[in-house]
Amino acid sequence: MSSLRVTGLRVRHRKTLALDSLDLALGTGVHGLLGPNGAGKTSLIRVLATVARPDAGRVELLGEDIAGHRGLAGVRRRLGYLPQEFGYYPGFTVREFVAYVAWLKEVPAARVAAAVERAVTRVGLADRIDAKVRTLSGGMVRRVGIAQAIVNDPALLLLDEPTAGLDPEQRVEFRALLRELGAAATVVVSTHLVEDVAAACTEVTLLDAGRIAYRGTPEALTLLGEASDGPGDHPIERGYTAALRAHRTPGAREGVR
Amino acid sequence: MTNRGRQLWHASDDLVARYAEGVLPESDAWSLEKHVEDCAGCASRVSAAVRGTAAGAVLAQVRAAVLAAAPVPGTAAAAQPRLGGTAEPAQPRLTEPSMPAAPRLTKPSTPAAPRLTEQSVPAAPRLTEPSVPAAPRLTKPSMPAAPRLTEPSVPAAPRLGEAAGRPALSRLARLLWAAGPAVRGAWLPAVLGVAVAALALSYGAGFPGTRALLLAVAPVVPVAGVALSYGPHADPLHEVAAATPGGGLRLALTRTVAVLVVSLPLLTLTGLLLPASGAPAAAAWLLPGLALALASLALASVVGCRAAAGLTGGGWLCAVVGPVAVAPGGTATGRLAEQLSRCLDGTAAQGAWAAAAVLSAVLLTARRPAYDRPLRP
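Protein chains in written order, with the numbering used here: chain A, 1 to 257; chain B, 258 to 634.
Treat the hints loosely; a few may be bogus.
Each pair of labels, with its calculated beta carbon distance range [to be verified]:
1. A:Asp233 to B:Val559: 49 to 57 Å
2. A:His69 to B:Gln318: 49 to 57 Å
3. A:Lys132 to B:Arg630: 51 to 59 Å
4. B:Ala584 to A:Lys132: 48 to 56 Å
5. B:Leu529 to A:Arg10: 40 to 48 Å
6. A:His13 to B:Ala533: 51 to 59 Å
7. B:Thr604 to A:Arg53: 39 to 47 Å
8. A:Ala227 to B:Arg308: 43 to 51 Å
9. A:Thr217 to B:Pro446: 53 to 61 Å
10. A:His192 to B:Ser269: 38 to 46 Å
11. B:Ala533 to A:Lys132: 45 to 53 Å
12. B:Ala611 to A:Glu106: 30 to 38 Å
To be clear, the hints were calculated from the coordinates, so they are not data collected in a lab. Keep in mind the model is a prediction, meaning the values are calculated, not measured. For each residue, glycine too, the CB sits at the ideal point set by N, CA and C.
Start from the sequences and build out the full structure, keeping to the hints where you can.
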């Protein structure tokens, strides 16, 4: 069963077409969203987060069509979202901040305190839970952003560039958290870092110029890279460039899909 | 994940030591973990090495803490719901380290579980020495599992009691946070500034028409508060809030209420302290203030918060100050007081403002779905 289904999605962004007749269905697991800058990753995540309204097409999340007012609140209660540019209140402590988002997500008041501690512990910030957000480093703020996204135990988790600003060790830990979250929820991670996808994702979707250029497992993308002689230091990086090139070459497009 | 020697190799002492210290590269650690699942001899050596590290001590502590905490839920009947709420998510994590074998086998979401369930080789070492497979996982510092499993258990016990005593406080705190940028930001000093300036003008400079001035300005204050507290330009968290069920109209209304709760009493009390000098009563602006705030919210669903506030606030100032500028005779403040009387005094005027407030509320309810998505900036 797919917890996320998009059909014929079209999104305009400042008069350019950010997404063009996109069809996508995703189920439980960690889904990597790859693609060059401007490919439409953020546009897609914002539509899936119910923040941006699509210009055309149908978006079904957790079994609800989100075009209507009715089902939207129910979907949003089970949604987690970390935007690319994550704004915060610098004067709040980590605990206050995550609790505030839990309040916005309508987590029952009796459960908020425990849910906040659990989310903050899962991102490894338990020792800084009562520190003001302004005193934290960039990587820690990013982890606060991940904590606020998972505080309601979302069934659908959308993370836009979550590993930006994390050091290598934190990224390794974050990938382990992703795998854990992906066991029960649908996790969509947009990233520039191909190795994050290789290590943590069950499936890869490669976007280019608002269209899907490639879909498959990280292993399949790696195999594609091993077969090609394109640029890249790792097989999966070569797979990434090979898939992009194949998509951009007219005529060869259908072969890759 | 290769087949290189299930029984073909055994872990060297150096490998075991480095694993226990957590300095082993991830790939080597994985192969060692895979190996100890099938090799009781190496498993017991790894287990012994791990018990000797700091993490071993933490594990023992966790075990003791869990055993000590176990009877608590039965005794504290009054705090039952809160205890239940706190213990619910923490429970699996707390029990896991103390009884590694059983929860690991039943909990498929942990990374270790599939390995344990799928393996076919003798279960004996695992059952007789249950801490063996769990201990390495808990102590390996490169895995986030270690801090996650061990840390919450230590502060959990005191927090259970602490949580029971502060629901009212935390509810108040949440309300204050919800009030958000307006009350914390530039608006609050501005409201205080208006109040202090009015008093200073009246008593310090002896200016007689201060109440009229205050009444002319006051209805714009909550409108400005609404514009400064909601929307992408005002709230750094707006993008996150826009994806939540409570980030739409509920948040806008909460912040409007916060703005009104601060500005209505403060400016009305200030007005009461000022000499009347022909101006309407100090409380006469309350209904217009409410009506304009609600009208701003309704209008914001179409044109955005800032434009809406500009329209309603600007409209009010034009209606009050405009005629004063063109009308002949008398002092400016006298004319302002007269104009305010026309707008505020009497049952008809106040009734009209009440009707306007109700109409704005109805329009806002009708426009409610517009708050489901971010408003225009």
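Hint by hint, which ones does the structure fall short of? 3, 5
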